[in-house]
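Asker: Please work from the sequences and hints to get the whole structure.
For the sequence shown, position 10 (counting from the first letter as 1) is numbered 10 according to this note's numbering, and the numbering increases by one without interruption.
Simulated from the structure, these hints should not be mistaken for lab results.
Take the hints with a grain of salt, since some may be wrong.
Label-pair restraints from in silico Cβ distances [claimed, not checked]:
no., residue 1, residue 2, range
1, 132, 26, 37 to 43 Å
2, 73, 96, 15 to 21 Å
3, 98, 9, 16 to 22 Å
4, 6, 39, 33 to 39 Å
5, 26, 67, 24 to 30 Å
6, 67, 6, 34 to 40 Å
7, 131, 65, 32 to 38 Å
8, 48, 77, 15 to 21 Å
9, 7, 99, 19 to 25 Å
10, 99, 127, 17 to 23 Å
11, 41, 11, 33 to 39 Å
12, 15, 107, 15 to 21 Å
Beta carbons: idealized from backbone N, C-alpha and C, even for Gly.
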Amino acid sequence: MFINKNLILIAILFICFYYSIVIVPKIYKLGKFHKTCIISNDNIDVKTRGYNYFINDPNNSILNQCLVTQWNLIHVILFTFLTTFYPHYYIHFFIGGVLFEIFEYMFYDCEDYLDPIYNGIGIFLGLQISKLL
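Answerer: Have a look at this one:
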């Protein structure tokens, strides 16, 4: 049975949305995993994240000097993966990422204004990888 490539893309995007908005806030171990700081800088105070960066857990102080969080890394990986296999949708992915940040801001106050930059890095990497395939 042949499955349309676009249906697979829609399923992937739905799963990612559901995971980030519904599953992670309810499962403590996943939430703890996503609180990991990958690159910290004690000389800066990162004020790009919403008050409720961790949905249902307003303790953001652990990431005040964190430049790259686990969530940011997941953004890069996701957008690299999506753009590698669907390179012709790269602008749609970028616009969708910005719209999702607006959604997070309006409904959850859990946005991170650096996410579109990390999305762009993932898109760039995905475009480069797709050229090699």
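Asker: Would you say the C-beta atoms of residue 7 and residue 99 sit inside 19 to 25 Å of each other?
Answerer: holds, 21 Å
Asker: Could you see if the CB distance from residue 132 to residue 26 stays within 37 to 43 Å?
Answerer: Since the Cβ atoms of residue 132 and residue 26 sit about 39 Å apart, the hinted range of 37 to 43 Å holds.
Asker: Check the following: the C-beta atoms of residue 15 and residue 107 are separated by a distance inside 15 to 21 Å.
Answerer: holds, 19 Å
Asker: Within 15 to 21 Å or not, the Cβ separation of residue 48 and residue 77?
Answerer: holds, 19 Å
Asker: Using the C-beta atoms of residue 67 and residue 6, is the stated range 34 to 40 Å upheld?
Answerer: Holds, at about 35 Å.
Asker: Given a hinted range of 17 to 23 Å, is it respected by the beta-carbon distance of residue 99 and residue 127?
Answerer: 20 Å Cβ-Cβ, so the 17 to 23 Å window holds.
Asker: For residue 41 and residue 11, compare the CB-CB distance with the range 33 to 39 Å and indicate the outcome.
Answerer: holds, 37 Å
Asker: With 15 to 21 Å as the target window, see if residue 73 and residue 96 comply at their CB atoms.
Answerer: holds, 19 Å
Asker: Confirm or reject the claim that residue 131 and residue 65 have a C-beta distance inside 32 to 38 Å.
Answerer: Given about 37 Å between the Cβ atoms, the range holds.
Asker: Range first: 24 to 30 Å. Now tell me if the beta carbons of residue 26 and residue 67 are that far apart.
Answerer: holds, 28 Å
Asker: Taking the Cβ atom of residue 98 and the Cβ atom of residue 9, is their distance within the range 16 to 22 Å?
Answerer: holds, 18 Å
Asker: Cβ-Cβ distance between residue 6 and residue 39: within 33 to 39 Å?
Answerer: holds, 35 Å
In this structure, every one of the numbered hints holds.
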